[in-house]
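Engineer: Place chain B on chain A using the hints.
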Amino acid sequence: MSRERILDAAVNRIAADGIDDVRIARIAMDAGVSTALVHYHFATREALLAEALVHSFDRAGDTRTEGGEGLRGMIEQCLPLPGEQEQDWVLWVELWLRAVRHPELRPTAAKLYERMHEWFKEAIEEELPDADPDATADLILALIDGYGIRALLGDPAMPLERAREAVWGALAPLPTPQ
Amino acid sequence: MSPRPSTAHVRRPAILTAAAEVISERGVQNTRISDVAARAGTSAPGVLYWFPSKDALLAEALTFSDDRFYDSLTGELQGLDSATERLRRLVELWPAEGDGETVLWMELWVRALHDPELAKTRERLDGRWRDAIADVVREGQASGEFGGDDADDLALLLGAVMDGYAIQLALGDPAVSMDTVRRHCLQLAMRGVEHGEGAMEQA
Chain A
9 MSRERILDAA VNRIAADGID DVRIARIAMD AGVSTALVHY HFATREALLA EALVHSFDRA
69 GDTRTEGGEG LRGMIEQCLP LPGEQEQDWV LWVELWLRAV RHPELRPTAA KLYERMHEWF
129 KEAIEEELPD ADPDATADLI LALIDGYGIR ALLGDPAMPL ERAREAVWGA LAPLPTPQ
Chain B
1064 MSPRPSTAHV RRPAILTAAA EVISERGVQN TRISDVAARA GTSAPGVLYW FPSKDALLAE
1124 ALTFSDDRFY DSLTGELQGL DSATERLRRL VELWPAEGDG ETVLWMELWV RALHDPELAK
1184 TRERLDGRWR DAIADVVREG QASGEFGGDD ADDLALLLGA VMDGYAIQLA LGDPAVSMDT
1244 VRRHCLQLAM RGVEHGEGAM EQA
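Quick note, the sequences are listed as chains A and B, same order.
The numbering used here puts the first residue of the first sequence at 9, with every later residue one more than the last.
The numbering used here puts the first residue of the second sequence at 1064, with every later residue one more than the last.
Derived by calculation from the structure, the hints in this document are not laboratory data.
Certain hints may be false.
[Said to hold, decoys possible] Residues of chain A placed beyond 10 Å of chain B at every Cβ, according to the derived structure: (1) N20; (2) I32; (3) A36; (4) D38; (5) V41; (6) A44; (7) L45; (8) Y48; (9) H49; (10) E59; (11) Q93; (12) E133; (13) E134; (14) P137; (15) R172.
[As the list claims (entries may be wrong)] Which bits of chain B does chain A cover? Going by a derived footprint, with three or more residues having C-beta under 8 Å, they are: (16) 1173-1184; (17) 1217-1227; (18) 1232-1239.
We put the beta carbon where it would ideally sit given N, CA and C, even for glycine.
So here's chain A without its partners, still in its complex pose (with noise of 0.2 Å):
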């Protein structure tokens, strides 16, 4: 399917190169389809890329809810782990950005947080009876955020090791129910 195998390497070539720095003709000529073909299937440039970060978390999203390993192997499924994991953490930074300035693309951000604050309720409901599911979804949410991103970016003081044990680490004293 031409569409999809565009939208797959819109998705590496936004990784790779940066979102702006992105050129039809090099998408086009990775997915071996003609730009006339891509202009077919999106009016615009605009159009491609937005389109093609919902489509990475479309599949992310199917690999995330397959979870099932506990709560802490669910925060290692969402921190920026070599390979595509890494590679979906930089689409959904693009994501954040964008989503902020483009108020129709909120809903796609929206909907992924959503998503990844249900799943995660319910393994606190049953991992961490006495913890607030609401709040402490909440709470791993942004610590998975903000620890991931330091160590996406190769901050020194955050490497991916130990974001994983911090955000682990940082559940311990745990939010209570108000």
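Structural biologist: Just chain B, lined up with the frame of chain A:
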């Protein structure tokens, strides 16, 4: 022709303030040097004289804004009697709702992903904020007001959590309000100085 160096104290801040506004509104990619110049009431060469690129404008605008924040912070914190009050104040002073600055930080993160120089700038600015938090924690530990272990670890935790929540706020997540965020961050901070951050043995 006016002597340029003597207008430095007026010109540079005006350009940086303008840059912060324009970049916040449009993003670095859609900001032209001439946009910043127009906002600052000067010319494009006038901007380029001080800042060689848009990325430099972003980095310097954030540094400038941070400098002003720390100047006023010192005064504010000095007026408070206890370390607890100072820590609370720090968390409270962190970016207000609707603040255009969160989006500037996000621009910096995104561009830092592909630019090592900007990554270093981000590290430096982040380090300054974390040091400010750690200093207050250490003061409290020294005076016996606070327990806990590593002030730097707690500062890193608070910095990370605040960034994470800032993103949710910037995205206009309806489930997350500024009040809720402040409350959670304060709780986390207070717990950290009671039990110590990362005290897994208490789980």
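Engineer: None of the hints should be skipped; say for each whether it holds.
Structural biologist: Taking the hints in turn, this is what the structure says about them:
1. N20: The assertion about N20(A) holds, with a minimum of 15 Å to chain B.
2. I32: holds (16 Å)
3. A36: holds (21 Å)
4. D38: Correct as stated: the minimum Cβ-Cβ distance to chain B is 18 Å, above 10 Å.
5. V41: Fine: 26 Å to the nearest Cβ keeps V41(A) off the interface.
6. A44: Holds, since 26 Å exceeds 10 Å.
7. L45: At about 26 Å from chain B, L45(A) clears the 10 Å cut-off, so the statement holds.
8. Y48: Check passes; 26 Å lies beyond 10 Å.
9. H49: holds (23 Å)
10. E59: holds (18 Å)
11. Q93: Correct as stated: the minimum Cβ-Cβ distance to chain B is 15 Å, above 10 Å.
12. E133: E133(A) is indeed farther than 10 Å from all Cβ atoms of chain B, at 16 Å.
13. E134: Non-interface label stands for E134(A): nearest chain B Cβ at 15 Å, farther than 10 Å.
14. P137: holds (13 Å)
15. R172: holds (12 Å)
16. 1173-1184: holds (count 6)
17. 1217-1227: Satisfied; 8 residues make the cut.
18. 1232-1239: holds (count 7)
Going through the hint list in order, the structure satisfies each hint without exception.
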